[in-house]
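Participant: Sequence:
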Amino acid sequence: VDSIPEARLNLIIYYLRHGTINEAFDLVSDLDPATPQEYIIKGVVHATLGQSTGNREHLKMAQQCFQLVGTSAHECDTIPGRQCMASCYFLMRQFEDVNIYLNSVKAYMYNDDDFNYNHGIALAATRNYKAAEEALLLIHNEVYKAEYVYISWLARCYVMNGNPRSAWELYLKMTSSSESFNLLQLIANDCYRMGHFLFAAKAFDVLERLDADPEYWEGKRGACVGVFQQVIAGKASRDDLQDVLSMIRNTSNPQVEYIVRIIKKWCKENNVKIT
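Under the numbering used here, think of the first position of the sequence shown as 1384, with each following residue one higher.
By construction, these hints were calculated from the structure, which means they are not laboratory data.
Hints may contain errors.
Straight-line distance between alpha carbons at most 27 Å, and here's what the computed BS3-like set of lysine-lysine pairs gives [unchecked claim]:
{"no.": "1", "residue 1": "K1618", "residue 2": "K1656"}
{"no.": "2", "residue 1": "K1513", "residue 2": "K1618"}
{"no.": "3", "residue 1": "K1513", "residue 2": "K1443"}
{"no.": "4", "residue 1": "K1513", "residue 2": "K1528"}
{"no.": "5", "residue 1": "K1489", "residue 2": "K1513"}
{"no.": "6", "residue 1": "K1618", "residue 2": "K1647"}
{"no.": "7", "residue 1": "K1528", "residue 2": "K1556"}
{"no.": "8", "residue 1": "K1651", "residue 2": "K1618"}
{"no.": "9", "residue 1": "K1528", "residue 2": "K1489"}
{"no.": "10", "residue 1": "K1618", "residue 2": "K1648"}
Make the full structure from the sequences, and use the hints.
Facilitator: Below, the structure is given as structure tokens:
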């Protein structure tokens, strides 16, 4: 491997693609880059290891490798050179700059899952949720689509783009875990902020059953009252009130009976059938 540089690079790429990052690092640790390709591969290995372990030294080394390629006279206007600058800014969390570079090569990378993953996150991080959702939905790699980072960003895009039901369906497909709990919190809070009160209530309802933290009851109570107000204003379906009553009754709290009584009184006065 040492006698043929291409063989070493190919083996590093093989290890990266198969998720064996420590083996890739063993090969790259004593690599003294001489070509743009070698700098890029060394940068990718350090970035992958840094992001998986949280090690700032690896991230700093990756940033330096990408910057050297992206600012070089021979590479700055090439697709790899611009991707390197995007990667450098990504690691610095300067997502506006990331999008400038990725947008400049987007036409050439339409079907590239890695490109669309990075672009989707960078777009979402700059609150361009519509374009972010479009980029994330272009991804075909099932491994990527099963990652919590992907699921959580896509869920946020759905909520911000007025489609909370799709975010809720992402949660329903997950198995119970700390990640599904975190997604519930994201959906609950984002839906509440955006006025998608029915799905905020659904998320807070599950959270409350999993954890007795009183904040979840307060969130569910506020969301349920929000649904009720939307129904009164004609901005939500009257059928939603049955779901609201069911969720409210799941909680043992002195406030429950008062809220139920108010909703049932309004339903009776407005000929809405509930149980």
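Participant: Hint by hint, say whether it matches the structure.
Facilitator: Hint-by-hint comparison with the structure:
Taken as a hint, the K1618 and K1656 pair is honoured in the structure, with Cα atoms around 18 Å apart against an allowance of 27 Å. For the suggested pair K1513 and K1618, the alpha carbons sit about 23 Å apart, so the restraint of at most 27 Å is met. Under the criterion of a C-alpha separation no larger than 27 Å, the hint pairing K1513 with K1443 is inconsistent with the structure, at around 31 Å. A threshold of 27 Å between alpha carbons decides the hint, and for K1513 with K1528 the separation of about 18 Å falls inside it, so the pair holds.
In summary, the hint linking K1489 to K1513 is supported, as the alpha carbons are separated by about 16 Å, within the 27 Å threshold. Of the supplied pair hints, the one linking K1618 and K1647 holds, its CA atoms being roughly 19 Å apart against a limit of 27 Å. For the hint pairing K1528 with K1556, the CA-to-CA distance comes to about 12 Å; that is within 27 Å, so the pair holds. As the CA atoms of K1651 and K1618 are separated by approximately 19 Å, the hinted pair is consistent with the 27 Å bound.
This hinted pair checks out: K1528 and K1489 have alpha carbons roughly 21 Å apart, not beyond 27 Å. For the hint linking K1618 to K1648, the alpha-carbon distance of about 19 Å falls within 27 Å, and the restraint holds.
In the structure shown, a violation is registered for the earlier hint numbered 3 alone.
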